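Undergrad: The residues making up each chain are set out below.
2 protein chains.
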Amino acid sequence: MRPIRKLIQLDEALRIIDSAASPVDGTERLPLVDASDRVCAEDVVSSTSVPPFSRAAMDGYAVRARDTFGASRANPVVLRVREKLYAGSVPKKVIGRGECSEIATGAMMPKGADAVVMVEDTETAGSEVTVNESLHPGKNTSKKGEDIAPRTRLVSRGELLNPSKIGALAAVGLDSVKVYRRPRVAVVTTGDEIAELGARLKPGQVYNINSYTVSAAVRANGGEARILPIAKDTMGDLERVVDECEDCDILVFSGGSSVGERDIMLDLLEHRGEVLFHGIAVKPGKPTLFGTIGSRLLFGMPGYPTSCLSNAYMLLVPTVRRMARLPEREPASVVARMSKRVVSATGRTQFLTVRLEGGLAIPAFKESGAITSMSHAEGYVIIPADVDLIENGEQVRVFLL
Amino acid sequence: MRPIRKLIQLDEALRIIDSAASPVDGTERLPLVDASDRVCAEDVVSSTSVPPFSRAAMDGYAVRARDTFGASRANPVVLRVREKLYAGSVPKKVIGRGECSEIATGAMMPKGADAVVMVEDTETAGSEVTVNESLHPGKNTSKKGEDIAPRTRLVSRGELLNPSKIGALAAVGLDSVKVYRRPRVAVVTTGDEIAELGARLKPGQVYNINSYTVSAAVRANGGEARILPIAKDTMGDLERVVDECEDCDILVFSGGSSVGERDIMLDLLEHRGEVLFHGIAVKPGKPTLFGTIGSRLLFGMPGYPTSCLSNAYMLLVPTVRRMARLPEREPASVVARMSKRVVSATGRTQFLTVRLEGGLAIPAFKESGAITSMSHAEGYVIIPADVDLIENGEQVRVFLL
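Quick mapping for you: the protein sequence lines, in order, are chains S and V. If you're matching positions, the first sequence starts at 1 in this note's numbering and goes up one per residue. If you're matching positions, the second sequence starts at 1 in this note's numbering and goes up one per residue.
Excised from the complex, chain S in its bound form:
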């Protein structure tokens, strides 16, 4: 059996991962309807004007502003109505002196008119309308290109496409957009003792948990997770897995990174790529392996479900977000008081799961092999490596799971 040689601190591990991970360069063109929450991979510049014509911004009458100059309730102007203009209709009449057309919001302004008097500021009698207000040119209209002029940049490369940016692309009629593809994450649970969900357990077997927890965390953070079949603890099987997912950006193995004789992840990585660290000063999750195989990142996570998932939160999630070009994001958190004194191993960063009850954070951690250490918790407290004690009643920040 081989001991882990040297534990590195969490921040050092994150720095190493950060240097090895590059944002994904590949792109794909998506229908606009599927592009929200994706990262734009092109600068999109408008080739057109929005609105494509000058239009009424209010319901009322399209007039020549100068015909209304000086008009007031005491001194109204009477105009002759030429036609009715609805949104989508094309004006037939040109507005001459003393004339106007009834116009709906969004309708194209008729030639000759340069302002809209709101219906509330008029009185109508037959084909005549009395205007009680003096308007300046442009009043209650939107000019052609006022929203988007030609050559306006609508969205930039690297921007996250939120609903309003999707709207800006729609405004110029684009029905698709180029986005960065999601980082592809292969997720493999290794071990002769692991059985697939739905199968009947043989003696000595347990179900595959890690493929499901890790892939859920990957998907929630902009990655594409691919669950591979359970791999055997043999060099041949692990090499086959490595060869099978050459198109992936990240390989996440769980199991096989401890110090047991049959834990051959380390051999695999030494043989096929480069080991960048083996062993982190975190609790749980110490026996974690990281390195590269060509341009791919390989995480060797502990097999224990809570260790594997807490490592996924601490190490994998920020990596996936970075490769997906998503903004860094601190998980939602609340402040609570620790329900009891907690002693933490000095020198190791602790990921302590807690339940929340009436403003108290109650430790929920059972053991790293127990998934209920986490599934029955509402959140977790990160206890830094240089803190060895949290007092009963001390304030802590609880990151929500």
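Don't read these hints as lab results, they were simulated from the structure. Worth double-checking, as some hints may not be accurate.
Given that identical chains are not distinguished, each listed pair holds provided it fits within a single copy or across any two copies.
What the hints assert, rightly or not - With a cut-off of at most 20 Å between alpha-carbon atoms, the simulated PhoX-like pairs for lysine-lysine come out as follows:
{"#": "1", "residue 1": "Lys340", "residue 2": "Lys283"}
{"#": "2", "residue 1": "Lys111", "residue 2": "Lys144"}
{"#": "3", "residue 1": "Lys144", "residue 2": "Lys202"}
{"#": "4", "residue 1": "Lys366", "residue 2": "Lys143"}
{"#": "5", "residue 1": "Lys286", "residue 2": "Lys366"}
{"#": "6", "residue 1": "Lys139", "residue 2": "Lys366"}
{"#": "7", "residue 1": "Lys84", "residue 2": "Lys111"}
{"#": "8", "residue 1": "Lys92", "residue 2": "Lys111"}
{"#": "9", "residue 1": "Lys202", "residue 2": "Lys84"}
{"#": "10", "residue 1": "Lys366", "residue 2": "Lys144"}
{"#": "11", "residue 1": "Lys6", "residue 2": "Lys283"}
{"#": "12", "residue 1": "Lys92", "residue 2": "Lys144"}
{"#": "13", "residue 1": "Lys6", "residue 2": "Lys286"}
Since this is a predicted model, take the numbers as computed values, not measurements.
Since the structure of chain S is already known, use the hints to place chain V on it.
TA: Frame of chain S; chain V shown alone:
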């Protein structure tokens, strides 16, 4: 033309919507791999034990604890190794007095043994192992059912399935889970002036923006958005749309809720269902219609893209989340200083879009018809109805778009 009769305040509008909206009751069974971020629709109780057998929690030797009682470095105990046990293997030998088996983490404990001595606390010579430590029964083992005992509740109805809860379901071998279906939201842009993306604009036409912005907001908040073809401003066409999406929970129309003569959404809702409000004291977004058609909710949003989308954030998003049974969520926000004095219409809640630059919130609003009022903004400030002024330099909370 018909005036909007009476504006109601935003909080009153939200109360009315809240009373009309019920969480969706329909369910669907999903493969576990697709169930993360969904809301569980059943209490899942374990029918089995996890782990399914007592197992080693460390690499070392499975021993009878009593054989080690009193052992120390000064007074070691020598045990005979019977066999090697890997994770997944089934012990063949029973551990008798003075005996042990080499065991890997996760492997089934052999009969007779009740503790594991860590490899670090032993010395090996041939088939003999020297134990330097006194162990209590259960030391370094996980008992059968210690993580999950039979009849343990794993996940409750109404809980959001996060990665660790998915893990708890996997732990007992479940490969699917019953979740609430997503609320189905039909999104329809109405108006003769609206053209579909990718089409060539005819004179007087503008592109369909609202279907894309609204559906993006719906999807980001747990709803299933269905974009319907653009509808004409005729009663017949609107009635056809209503009939076509009988299986939807929410209908969102945009356009046609203003006071123009051809704005017939109000007629439609009066004819087919019940109007619950028409007109909200918000800016932009005043001409908003809400009501029910049978059990379906109908939102008649203004046609202007920024009015429509700001209303979607203020009214539709909380409704979709509630119907999807998702937790209420305040959008991520930052605190900034207003870059200039802002005067707001008293009596109306204002949704003011802003850009963020060096800690300053710079108003980005152009007009409600301009999508760039929002797409070129980083966030928005909600100015309450009873606030008429924000001073230059005053602190505001900016909700991020």
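Undergrad: Is it within, between, both or neither when you check Lys6 against Lys286 at 20 Å Cα-Cα?
TA: For Lys6 and Lys286, only the intra-copy Cα distance (11 Å) is at most 20 Å; the inter-copy one is 64 Å.
Undergrad: Should Lys6 paired with Lys283 be assigned to within, between, both, or neither, using CA atoms and 20 Å as the limit?
TA: within (15 Å within a copy, 61 Å between copies)
Undergrad: Since the copies are identical, ignore which copy is meant and state whether Lys340 and Lys283 lie within 20 Å (CA to CA) inside a copy, between copies, both or neither.
TA: Classified as within: same-chain Cα gap 19 Å, cross-chain 49 Å, threshold 20 Å.
Undergrad: Since the copies are identical, ignore which copy is meant and state whether Lys139 and Lys366 lie within 20 Å (CA to CA) inside a copy, between copies, both or neither.
TA: Answer is between: at 15 Å across copies they meet the 20 Å cutoff, but 69 Å inside does not.
Undergrad: Can you give me the call for Lys286 and Lys366, within, between, both or neither, at a CA distance of at most 20 Å?
TA: within (17 Å within a copy, 54 Å between copies)
Undergrad: State whether the alpha carbon distance between Lys92 and Lys111 is at most 20 Å within one copy, between copies, both, or neither.
TA: Classified as within: same-chain Cα gap 9 Å, cross-chain 96 Å, threshold 20 Å.
Undergrad: Given identical chains, is Lys84 near Lys111, meaning Cα to Cα at most 20 Å, within a copy, between copies, both, or neither?
TA: within (14 Å within a copy, 93 Å between copies)
Undergrad: With identical chains, the pair Lys366 and Lys143 could be close in the same copy or across copies; at 20 Å between alpha carbons, which is it: within, between, both, or neither?
TA: Only across copies: Lys366 and Lys143 sit 12 Å apart there, 66 Å inside one copy, limit 20 Å.
Undergrad: Please work out whether the CA atoms of Lys92 and Lys144 approach to 20 Å or closer within one copy, between two copies, in both situations, or in neither?
TA: within (19 Å within a copy, 85 Å between copies)
Undergrad: Given identical chains, is Lys366 near Lys144, meaning Cα to Cα at most 20 Å, within a copy, between copies, both, or neither?
TA: Only across copies: Lys366 and Lys144 sit 14 Å apart there, 66 Å inside one copy, limit 20 Å.
Undergrad: At most 20 Å between C-alpha atoms: does Lys202 with Lys84 qualify within a copy, between copies, both, or neither?
TA: between (80 Å within a copy, 19 Å between copies)
Undergrad: Could you place Lys144 and Lys202 in one of the four classes (within, between, both, neither) given a Cα distance threshold of 20 Å?
TA: Between copies only: 15 Å across chains, 72 Å inside a chain, cut-off 20 Å.
Hint compliance for this structure: every hint is met.
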